[in-house]
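Number of protein chains: 4
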Amino acid sequence: MVYRIAFETDTTTGRLFEKVLIAAIVLSVLVVIADSIPTLHAHWYFAFTLAEWVFTALFTLEYVLRIVCLRAPFRYARSFFGIVDLLALLPTYLALLFPAIHVLIDVRVLRLLRIFRVFKLTAYISEYQQLGHALAASRRKIAVFLASVVLIVVVLGSLMYVLEGPEHGFTSIPVSIYWAITTMTTVGYGDITPQSPLGRFVTALMMLLGWGTLAVPTGIVTSEIAFRQAREEEAGHPQAHGLATLHLSGCAACGEAHHLPEARHCHACGARLPRVAPSAK
Amino acid sequence: MVYRIAFETDTTTGRLFEKVLIAAIVLSVLVVIADSIPTLHAHWYFAFTLAEWVFTALFTLEYVLRIVCLRAPFRYARSFFGIVDLLALLPTYLALLFPAIHVLIDVRVLRLLRIFRVFKLTAYISEYQQLGHALAASRRKIAVFLASVVLIVVVLGSLMYVLEGPEHGFTSIPVSIYWAITTMTTVGYGDITPQSPLGRFVTALMMLLGWGTLAVPTGIVTSEIAFRQAREEEAGHPQAHGLATLHLSGCAACGEAHHLPEARHCHACGARLPRVAPSAK
Amino acid sequence: MVYRIAFETDTTTGRLFEKVLIAAIVLSVLVVIADSIPTLHAHWYFAFTLAEWVFTALFTLEYVLRIVCLRAPFRYARSFFGIVDLLALLPTYLALLFPAIHVLIDVRVLRLLRIFRVFKLTAYISEYQQLGHALAASRRKIAVFLASVVLIVVVLGSLMYVLEGPEHGFTSIPVSIYWAITTMTTVGYGDITPQSPLGRFVTALMMLLGWGTLAVPTGIVTSEIAFRQAREEEAGHPQAHGLATLHLSGCAACGEAHHLPEARHCHACGARLPRVAPSAK
Amino acid sequence: MVYRIAFETDTTTGRLFEKVLIAAIVLSVLVVIADSIPTLHAHWYFAFTLAEWVFTALFTLEYVLRIVCLRAPFRYARSFFGIVDLLALLPTYLALLFPAIHVLIDVRVLRLLRIFRVFKLTAYISEYQQLGHALAASRRKIAVFLASVVLIVVVLGSLMYVLEGPEHGFTSIPVSIYWAITTMTTVGYGDITPQSPLGRFVTALMMLLGWGTLAVPTGIVTSEIAFRQAREEEAGHPQAHGLATLHLSGCAACGEAHHLPEARHCHACGARLPRVAPSAK
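Residue numbers (the UniProt record's numbering), protein chains in the order written: chain F, 1 to 281; chain X, 1 to 281; chain S, 1 to 281; chain Y, 1 to 281.
Check before you lean on any hint, since a few could be wrong.
Since the list gives no way to pick one copy over another, a pair counts as held whenever it fits inside one copy or between any two copies.
Below, simulated SDA-like cross-link-like pairs (lysine to any residue); rule was C-alpha separation at most 25 Å, straight line [said to hold, decoys possible]:
1) LYS19 / ILE67
2) LYS19 / ARG140
3) LYS19 / THR60
4) LYS19 / VAL154
5) LYS19 / PHE81
6) LYS19 / LEU151
Think of the hints as simulated: they come from the structure by calculation, not from any bench.
Chain F extracted, bound-state conformation (with noise of 0.2 Å):
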């Protein structure tokens, strides 16, 4: 029963509790943000730590029914979702126990993951699949680009440690590839520039590659949406069909929620899944 409520979305009372369960991350990631802020902590400290022990109560419990309700608990707890939940829950905890660890309370943040989970990404899937895809299937023209890049400024980076050294802010090889990344990228904070004649014109050379550089991983990804585009069109547009491929309700063991629509049983952990409720549609 609490089970139904708490993870089948196609109930109403399992809509509601996923709305109150998505604004209760927004304002508790909200409340660490604020807190954050030297003159809101000092004068609303009681009020954020409240909250932020209510929001963590909250959390906590919604853990432990998960863990309790699903038949595979141990599945759910070593999957990605399932450690980001307990790392949303963890730091408040370790916090009371070691005060010293207290800067280590902001990754309280990662909560904002938790957010992917609850939206079960039904809406956007298609759009998160496909820039997806086009990543993966650019992934080794991806990786011989960055192999290169790591190259080209390490090469770059001591170059230049070697041509302005230290008296120029360039302290050593690893601030100078740091500067380096920073230049080609066409950051450019300027905490570091070259003053040397022959260090600027290093530069001058670095940026107009770096230029160059930049136009290889914008075709490489343009191109790649572009095909998949055109062979979508040709295809009668699977990608809007695509929407419909998830199952509304999840798995009862684990909590898998992605399945196809036609899936008897959940593919993560075999266990059955439950019929869709004639109220999803």
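Assemble the complex: chain F is given as a structure, and chains X, S and Y must be docked to it using the hints.
Leaving out everything else, chains X, S and Y in the frame of chain F:
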């Protein structure tokens, strides 16, 4: 009669009125901009104030005329351009009554938006539509992309707040998020920069990630534009015809300016449209 | 005879003259650049001044020769390259007469533009044309895009002037607009940065907007280039033929260098063109 | 026998040797990088010096082995990788002999280039080739583009030198050109920024120009990659086959590693190639 001059751009007088209005809008915005420069403000204070009141009087007259001439003045007053027209007048009067809100007087630059109304977009409408369609078609992809960027920026901003802390300029999580956006978009002001080795390492990863991420919106928009262009080529340039699909005179009742050439009634208020004068040819 | 040497690049002497001229232009620009470096200016003052007068004398001789040899000297003198040729000479003479305008002497770097004339673009004309066509075809789209950018930048610049004010470096609306362009183009100097929380929030939105907007011109140009390339592939590489459509010797009357191979009269002044010498093969 | 171990990666020993070599190269580069950090240099001076000599000895041994084993050692010594292998050794010995050139010792990071040799590019060669072809096909377009950028940057840099002058940091034309490249590539360090209103106006135009220009190389590369991808799709994925077209063992005479699988003679020196051992499967 007055209506015909002010709102029917097909007559010679109407076109002259339109040109005077565009000049007045551009001039009034230039006066606002010039007035903000301290040296010019000191030397030309009287001239700027005079010009401001002349323009405000002119725009007030135009606004009153529109309200009086149109048969459905409320519909106009509540429309987007009606509110822009009002916002272009109000600050001058309000600043006279309440000198304290003087800082808001620069809201007057919103007058620039009125230019779009006067142009009636006849010349560029098809280009706008094409870009608009390209963006609308990619709406969901862009939403997914923005959601991912917000998530990445909040998580990485919080991480950098923990790693660098207030002593290196990361005074709170919102400031760190602002810095993370500065870095990921490759703007890189350099007012806040990481100082610790670990912070610089994470920053280097963020910059490379931002570099790659930059490719995604470019890919989406390019693919969409290329696809649209290819379809138009096949269909025999409907884009060219698109330029002719605008009714050249506005609705006498509510002032709505965009109608199909074959339209007999205003699509916004249903009032009968004037016939296109032969002088519009 | 002198004409044939200076303007007909098909003869051996003409080609040698051309190479000497390119070398002289590049050298004279390098002298201007080197002369601007304080230490070099102090040490090599005499040598630079001498070189400058030698180059000026050479270019003056060339200019006079052109005027004398051509049958329509006025047409040449008023053409784009005629004015560039004159601008490359005048500053040196004027600086002698009026030492006060010494700062304008660096207009001499415009001599670089002459290189394009000497090259006669024979080698790269088809690439230039292709890029030019791609840009021309997207002319209206680019105009719409630039108009939107100007509008956004003026409105957001004024908004930031209101939000941040002179105490944070936003001393006037033009300065704020300059800052807004710096931010939207992701250059981000960091000489002016928002300090107030609200200003930083608006800046973050501007940067994300600028990121997205960056995709639009890229999309337009890429789509145009890809489209052109696809058509050329189908049509059997007319680009390759494009390289041959240049008349290899100029018009004897006005100096215009670009003619179709089958042209019998100059398209600029109507004078009869010389026949292509067999040595041009 | 030694040859088989060091150069034939198809045998088990050969593969082990290769892995050890990659580890040694990466480790030696990490030691060079770590040695440049002042605090680590002070604490681990002895360990780093020892490691450096061990690696140098190892690489010297490998270099000598290659020279001895190959039947055409001169061809190897004069090849690109032969010179890289030598450059990876020399600085350590030279720094011992001439302590004054100690600053050049970081040339040792060039050892990273050796990784490409050891990998023999078997895994990524087709991706490299594809990117290489895309760039080679756009060679002329890129040359035209770079020439235009150089011209724009020299002319605008000189203009800004005249407009801003040495008192605002534009101390010479080369510095102004460096600044112009910084601005056009949207890096924007902020170490040199325009201060005069006219200079800022020109800068704003330059940034918008740079924004537009950025689209051109992206368009060229994207169009090239998309075109290549489309052709490969039609031709039935020759890219996939491309991965198999590498001979898995090098030439015994000159060490050249890239051969077609059906090759019987080395394409570089003509020596007979060893047959592929069954263990390579």
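Under the constraints set out in the numbered hints, which ones does this structure not fulfil? Going through the list in order, the structure violates no hint and respects every one.
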